[in-house]
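Kindly produce the complete structure, drawing on both the sequences and the hints.
In case you want the letters, here they are:
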Amino acid sequence: MRFLEMNCTQCQAEFDHLLDGRLDAPVSAQVRRHLVDCPGCGAAWRDYEVAWTAFASVPEIEPSSNFVARVMNQIDRVENEAPARVWFFPVLWRWVAPAMAAIMLLAAGTGVWMKVQHDADQAVSQELAANLPVVQHLDLLKDFDIIAELDRIAPQPERDPIEEMLNALWNS
Amino acid sequence: MPFDPDTELMLQVRRGNRAAFEALVVKYQRPVINTIFRSVGDLAEAEDLAQNVFVQVWKSRGRYMPTAKFSTWLFTIVRNTCLNEVRRRARHPADSLDKPVKDAADGSESPWQIPDQQAKPPSEEALAAELRKRVDTALAALPEAQRTAMLLLRHQNMPYEEIAKVMRCSLSATKSVIHRARAMLRDQLKPYLRP
Chain D
1 MRFLEMNCTQ CQAEFDHLLD GRLDAPVSAQ VRRHLVDCPG CGAAWRDYEV AWTAFASVPE
61 IEPSSNFVAR VMNQIDRVEN EAPARVWFFP VLWRWVAPAM AAIMLLAAGT GVWMKVQHDA
121 DQAVSQELAA NLPVVQHLDL LKDFDIIAEL DRIAPQPERD PIEEMLNALW NS
Chain E
173 MPFDPDTELM LQVRRGNRAA FEALVVKYQR PVINTIFRSV GDLAEAEDLA QNVFVQVWKS
233 RGRYMPTAKF STWLFTIVRN TCLNEVRRRA RHPADSLDKP VKDAADGSES PWQIPDQQAK
293 PPSEEALAAE LRKRVDTALA ALPEAQRTAM LLLRHQNMPY EEIAKVMRCS LSATKSVIHR
353 ARAMLRDQLK PYLRP
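So the sequence lines, in the order shown, correspond to chains D and E.
Using this note's numbering, the first residue of the first sequence is number 1, and each one after it goes up by one.
Using this note's numbering, the first residue of the second sequence is number 173, and each one after it goes up by one.
Just so you know, the hints here were simulated from the structure itself, not pulled from any lab data.
Predicted model, so just to flag it, every value in this text is computed and none were measured.
Treat the hints with care, as some may be off.
The following residues of chain D were derived to be distant from chain E, with all beta-carbon distances above 10 Å [unchecked claim]:
1. Asp24
2. Asp47
3. Ile61
4. Ser64
5. Gln74
6. Arg94
7. Ala99
8. His118
9. Val124
10. Pro161
Capping the alpha-carbon separation at 20 Å, the derived lysine to any residue pairs in SDA-like fashion look like this [as the list claims (entries may be wrong)]:
11. E:Lys347 <-> D:Asp37
12. E:Lys199 <-> E:Asp178
13. E:Lys231 <-> E:Leu196
14. E:Lys231 <-> D:Val78
15. E:Lys337 <-> E:Pro315
16. E:Lys231 <-> D:Met100
All C-beta atoms, glycine included, are put in the ideal place defined by N, C-alpha and C.
Okay, structure coming up:
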């Protein structure tokens with residue numbers, strides 16, 4: 001901001017900028033010139049500057065010698081209390097949980113499919129076994145593998161030892 | 173944004189670099205503690221709150237974005253911490269900020285407990301103590317926003333633009349706050365100062 005002739009209001013409006021070094025050289029020179037020429041503004045500036053200097057001159061409080069160590073110890077406690085939450089949770093929720101869910105779904109689906117297949121096989125075997133006497137009586141089957149399989153899964157009839165002896169004598 | 177070494181350090185902290193974090197603590201411990209001390213008036217409490225500020229910085233490191241200078245972000249946390257403490261004390265009047273503390277030496281009352289950390293000749297020491305007391309009284313009399321602006325100017329030499337970000341107000345409002353604060357300081361200290 002640049003004025004041909006600075007008035008008191010304009011001058012005092014620049015006190016903060018002058019104090020904090022925010023004025024460019026031409027404006028700063030203009031303000032200082034007005035402060036010299038205007039006793040009222042000069043006195044106001046001196047009060048302003050002295051108060052700020054007094055405030056800024058109060059020494060700072062020195063931190064305790066172990067302050068930094070205390071902060072770092074507190075950081076260690078924070079990290080030890082919940083390290084899993086810091087790094088583990090995002091990995092868990094983003095990758096592991098979906099992968100585990102997919103694996104479990106696949107396993108469940110495979111198990112159901114295998115059970116269904118097993119039950120179907122069992123049903124077929126039981127039906128064949130139930131029809132074995134009829135099949136044997138008809139003697140229509142020429143496929144000895146099927147007959148052998150049917151013999152395997154069908155319950156074996158109980159043998160009468162006297163009948164066997166008589167059959168053996170008759171055949172001899 | 174121009175290169176800010178503290179922002180670079182904080183970006184390393186974001187990657188978990190503890191040495192970078194410790195460097196920031198070492199650098200900012202004094203201005204943070206002093207700023208908080210001027211709000212709460214007790215050094216032990218100020219250090220505890222400052223410790224909380226730095227722990228909060230560490231915990232929030234993953235969310236840090238270098239859109240502003242690190243000091244701006246840090247002192248925003250500092251200011252929020254001070255405001256929370258002031259509100260907490262308002263709910264518990266036994267810890268009131270306005271409760272004066274008697275100075276053991278001369279029996280006069282000071283708004284804050286001020287540790288005497290420097291040894292000087294008696295006359296200088298008495299003058300310095302008196303000035304310190306008057307400044308502390310004047311600062312305590314300021315509204316929170318004005319006190320914060322003064323402390324950021326004093327301890328950090330923070331530009332007006334950064335102060336505006338910390339205080340979450342416009343630049344023109346910040347300039348107005350600074351001007352009113354300095355005018356109040358001048359009015360409070362003028363009887364005790366020789367220009």
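Here is how each hint holds up against the structure:
Every C-beta of chain E lies more than 10 Å from that of Asp24 of chain D, the closest at about 15 Å, which supports listing it as non-interface. Taking the minimum C-beta to C-beta distance to chain E, about 5 Å, the non-interface status of Asp47 of chain D is violated against the 10 Å cut. At roughly 5 Å, the least C-beta separation between Ile61 of chain D and chain E is not larger than 10 Å, which violates its mark as non-interface. Look at Ser64 of chain D: its CB is around 6 Å from the nearest CB on chain E, not clear of 10 Å, so calling it non-interface is violated.
Look at Gln74 of chain D: its CB is around 5 Å from the nearest CB on chain E, not clear of 10 Å, so calling it non-interface is violated. With a closest Cβ-Cβ approach of about 15 Å to chain E, Arg94 of chain D is found to remain outside the 10 Å limit, as its non-interface label requires. Ala99 of chain D, annotated as away from the interface, keeps every beta carbon of chain E farther than 10 Å; the closest lies near 24 Å. For His118 of chain D, the shortest C-beta to C-beta distance to chain E comes to about 52 Å, beyond the 10 Å cut-off, and the non-interface label holds.
Remark: the non-interface label on Val124 of chain D is consistent with the geometry, its nearest Cβ contact in chain E lying 61 Å away (cut-off 10 Å). With a least CB separation of 87 Å from chain E, Pro161 of chain D remains clear of the 10 Å interface cut-off, as annotated. Under the criterion of a C-alpha separation no larger than 20 Å, the hint pairing Lys347 of chain E with Asp37 of chain D is inconsistent with the structure, at around 26 Å. A threshold of 20 Å between alpha carbons decides the hint, and for Lys199 of chain E with Asp178 of chain E the separation of about 9 Å falls inside it, so the pair holds.
Using a Cα cut-off of 20 Å, the hinted pair Lys231 of chain E and Leu196 of chain E holds, with the two alpha carbons roughly 14 Å apart. A threshold of 20 Å between alpha carbons decides the hint, and for Lys231 of chain E with Val78 of chain D the separation of about 8 Å falls inside it, so the pair holds. Restraint check for Lys337 of chain E and Pro315 of chain E: the C-alpha separation of about 18 Å stays at or below 20 Å, so the hint holds. With a C-alpha separation of about 30 Å, the suggested pairing of Lys231 of chain E with Met100 of chain D is violated against the 20 Å cut-off.
Violated hints for the displayed structure, listed by number in ascending order: 2, 3, 4, 5, 11 and 16.
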